[in-house]
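Asker: Build the full structure now, drawing on both the sequences and the hints.
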Amino acid sequence: MVNVVGVRFKQAGKVYYFDPGMLEIAAGDYVIVETARGLEYGEIVASKKQVPEKEVVAPLKSVIRIATPEDKKKHDENNRKKARAIELCKEKVDKHHLEMKLIDVEYTFDNSKIIFYFTADGRVDFRDLVKDLAAVFKMRIELRQIGVRDEAKMIGGLGACGKDLCCHSWLPDFEPVSIKMAKIQNLSLNPTKISGICGRLMCCLKYENDTYNDIRKGMPDIGERVQTDSGVGIVTEANVLRETVKVRMILQEKKGDVPEKMSPDLITVKTSEIKRLGGGKKKGKEKDVLDEIDEDILEDIKGLLDE
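Take 965 as the starting number for the sequence shown in this note's numbering and just add one per residue.
No wet-lab data here; the hints were simulated from the structure. Glycine is no exception: its CB is placed at the ideal position from the N, C-alpha and C atoms. The reader is advised that the hints may include incorrect statements.
[Said to hold, decoys possible] Label pairs and their computed distance ranges (CB to CB):
#1 Val979 - Asp1229: 54 to 62 Å
#2 Gln1149 - Lys1054: 38 to 46 Å
#3 Ser1076 - Ala991: 23 to 31 Å
#4 Met1226 - Trp1134: 16 to 24 Å
Answerer: This is the structure we're talking about:
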């Protein structure tokens, strides 16, 4: 076990572990730490604690000191310089006719390097741009291409729920999201309904997925035969959150060439009040989720999956 503190450098950014040494540090304090790209100014979000060595990326860097008023002033000054840096970079991008969109800029705390974040549809040859920027800023220049999700995380905005984007306000990491999650939750598979402002599947599809999966384990499949108090029927619809199914009763079993006679009405039954008789989808034989989507939105759905 090793003693560490958790430090965050950006709002909703990842939390990194550092060695606090003999310093008395509490959550909410600001510190200067040593990172791979030099000294950085960060906030303590996790007080001193012990974690297994396997959770720490070696070598464990140290907290240099608790930030002073001068450190905060320098950090604020770096943030104020961002607007001018973005303006100058955009001018250079236009000068070189590059197909790229500048998203954000970041100064390292010690002003040894400036990092420009951008998006582009493909690879961009920015060697001449780097030379021009280095001549203007007189420091090391790094251009880093990011994806559309990272762009939304940096810029922020409002989601369909009317609240700040999760990725911008509190979500530190992006987790894998799939169309199957929307299907399990009985959501519309229309791309406009399940995609965020970044154009990718909404991160919140992941939040309740485990709960839906746990509840579905004890529920019958669509098309499965079940025994109810009213007789035998076939499941036509399932409500996962209410743990109920809609059943169409079998009035007469199939005999020879005579088909089954089904009731025109549906009854709603709690899953705890039925007995599963089998039938319907067989385990391991389910169709791919994309096979069940209308062809007119299939291409849009596949586009949401492309990172």
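Asker: Of all the hints numbered above, which does this structure not satisfy? Sort the numbers upward.
Answerer: Hint 4 alone not satisfied by this model.
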